[in-house]
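J.: Here are the chains, one letter per residue:
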Amino acid sequence: MDGSESMEEISRLAAIATTRASEALGALLYEEISIKALAVYYLKSPERLLTRLRLPRRLVTVTQSVDGYQKGKISLAIARESAPSLASLLVGRHGLPNRRLGGFELDALKEAANIVAGSYLALLGHPLGLIGVPSVPTVLEGTLDEIALSLLPQSSSLCVEAHLVAHSHGIELVVLMAAGCEQSDQPAAGPKPNGIRGARPAARP
Amino acid sequence: MESKNAAGARIESESRARRLRVLVADDSIFIRDIIRHHLERLGFQVVGEATNGAQAITLFRTLKPDFVTLDVIMPQVDGIDAMAAFRMIKSEAPGVPILIVSAVPFEKTRESFMNEGALDYLVKPFNKNSFDEVRRKLEGIFPRVGNRAVDDAFCADKRSS
Numbered sequence: 003m004d005g006s007e008s009m010e011e012i013s014r015l016a017a018i019a020t021t022r023a024s025e026a027l028g029a030l031l032y033e034e035i036s037i038k039a040l041a042v043y044y045l046k047s048p049e050r051l052l053t054r055l056r057l058p059r060r061l062v063t064v065t066q067s068v069d070g071y072q073k074g075k076i077s078l079a080i081a082r083e084s085a086p087s088l089a090s091l092l093v094g095r096h097g098l099p100n101r102r103l104g105g106f107e108l109d110a111l112k113e114a115a116n117i118v119a120g121s122y123l124a125l126l127g128h129p130l131g132l133i134g135v136p137s138v139p140t141v142l143e144g145t146l147d148e149i150a151l152s153l154l155p156q157s158s159s160l161c162v163e164a165h166l167v168a169h170s171h172g173i174e175l176v177v178l179m180a181a182g183c184e185q186s187d188q189p190a191a192g193p194k195p196n197g198i199r200g201a202r203p204a205a206r207p
Numbered sequence: 005m006e007s008k009n010a011a012g013a014r015i016e017s018e019s020r021a022r023r024l025r026v027l028v029a030d031d032s033i034f035i036r037d038i039i040r041h042h043l044e045r046l047g048f049q050v051v052g053e054a055t056n057g058a059q060a061i062t063l064f065r066t067l068k069p070d071f072v073t074l075d076v077i078m079p080q081v082d083g084i085d086a087m088a089a090f091r092m093i094k095s096e097a098p099g100v101p102i103l104i105v106s107a108v109p110f111e112k113t114r115e116s117f118m119n120e121g122a123l124d125y126l127v128k129p130f131n132k133n134s135f136d137e138v139r140r141k142l143e144g145i146f147p148r149v150g151n152r153a154v155d156d157a158f159c160a161d162k163r164s165s
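Respectively, the protein sequence lines represent chains A and B.
For the first sequence, the numbering used here assigns the number 3 to the initial residue and increments by one for each residue that follows.
For the second sequence, the numbering used here assigns the number 5 to the initial residue and increments by one for each residue that follows.
Heads up, some of the hints might be wrong.
[Said to hold, decoys possible] Quick list of the computed label-pair ranges, beta carbon to beta carbon: (1) Asn119/B to Thr145/A: 44 to 52 Å; (2) Asp136/B to Ala41/A: 36 to 44 Å; (3) His41/B to Ser36/A: 45 to 53 Å; (4) Gly144/B to Arg56/A: 49 to 57 Å; (5) Thr62/B to Thr140/A: 23 to 31 Å.
[Claimed, not checked] Derived DMTMM-like pairs: lysine to aspartate or glutamate, alpha-carbon spacing no greater than 20 Å straight-line: (6) Lys132/B to Asp69/A; (7) Lys132/B to Glu143/A; (8) Lys141/B to Glu44/B.
[Said to hold, decoys possible] For the chain B half of the interface with chain A, some residues (derived, Cβ under 10 Å), not all of them: (9) Ile35; (10) Ala58; (11) Asn131.
In case anyone wonders, no lab produced these hints; they're calculated from the structure.
Just so you know, even glycine gets a beta-carbon here, dropped at the ideal spot from N, CA and C.
This is chain A alone, in the form it adopts within the complex (with noise of 0.2 Å):
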């Protein structure tokens, strides 16, 4: 592929790493959980990211940086509402919403999110250029445009969005793969037939 990752490839690889990071959220949660959205798209700048991204106004992201060939960032938002749920679901307990999220609870959180991790970076981690380590999981709470910044690992991204959902608690997941990219002009969405530059070729998984 000369060095470029096309668009469909990289929309085809997310539509499997997202079923991949679905079951494997299912198999954590004993929930059965469905793919609600997915989107694959270019982000020219940090701002644009406030307009498209769908998300309740107070929010708790864990995100991790991978670094390779490019710079990116996996992140696992959800609803502040919905984390003490997401995570009461995690560990087992049935807590109370609203209620604070103590470090046992953080930390399952963390872990979900980097499984989730796990599952884009295997399939989308050599064609984005993400071949690194993730690092170790980071939690920030605040609305959207306070946390925003954290969830891109620079100015021009090639964004992969998934909304996941636990139907029987009603809890909404959103994973935001995000890789550094120079094409950032591109409206978001679409086939682009030429390849992203700065990706490089991916072993085929």
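Once you have looked at the hints, place chain B on chain A.
T.: Frame of chain A, contents of chain B only:
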């Protein structure tokens, strides 16, 4: 004549003495709990928990466990990552099996550890079958892992008598 309570305690102690000792290294207490659950089912006794590679080495030297589990992604302390900890433990005790656990199924990382003598490379999340292959490999090294169910039945029988 030995009282029933004393006999129970003695049998418990004998049973514990037979159990293989394991050190679990993972920065997540959530995952350490899950690993502990699976290993105890296999008959291991978790004798120590480390949250980074440097601590894993220290505890390994102190506790001298029969078996070690090591997470790939842990905070680096004193410049020691999982691979450095793995190599140090292997160089000091080549016969001690080390199970690598990771959320990241990178084939290259897996190969690196397996080529250097890891027992297995287990990808999270675990399910009830995740440890089957590990169990088979451990049975080859520690035959008593396979006899755990027999031991348990024996102890339960003795306790009730």
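J.: If a hint holds in the structure, say so; if it doesn't, say that too.
T.: These are the hints, each one checked on the structure:
1. For Asn119/B and Thr145/A, the hinted distance range of 44 to 52 Å is satisfied, since their beta carbons lie about 47 Å from each other.
2. Checking the proposed 36 to 44 Å range against Asp136/B and Ala41/A shows it holds: the Cβ atoms sit about 38 Å from each other.
3. Between His41/B and Ser36/A the beta carbons are some 28 Å apart, a value that contradicts the proposed interval 45 to 53 Å.
4. Taken as a hint, the range 49 to 57 Å holds for the pair Gly144/B and Arg56/A, whose Cβ atoms sit roughly 53 Å apart.
5. The hint said 23 to 31 Å for the Cβ distance between Thr62/B and Thr140/A, and at roughly 26 Å that hint holds.
6. Between Lys132/B and Asp69/A, the direct Cα distance comes to roughly 33 Å. Violation of the 20 Å bound is thereby established for this hinted pair.
7. For the given pair, Lys132/B sits about 34 Å from Glu143/A by alpha-carbon distance, which is inconsistent with the 20 Å threshold.
8. Between Lys141/B and Glu44/B, the direct Cα distance comes to roughly 16 Å. Compliance with the 20 Å bound is thereby established for this hinted pair.
9. Interface hint at Ile35/B: satisfied, since its Cβ lies 6 Å from the closest Cβ of chain A, which is below the 10 Å cut-off.
10. Annotation: Ala58/B was flagged as interfacial toward chain A, and the flag is violated, the nearest CB pair being 14 Å apart, outside 10 Å.
11. Because the beta carbon of Asn131/B sits about 6 Å from the nearest beta carbon in chain A, less than 10 Å, this interface hint is met.
Figure legend: structure checked against the earlier numbered hints; hints not met, in rising order: 3, 6, 7 and 10.
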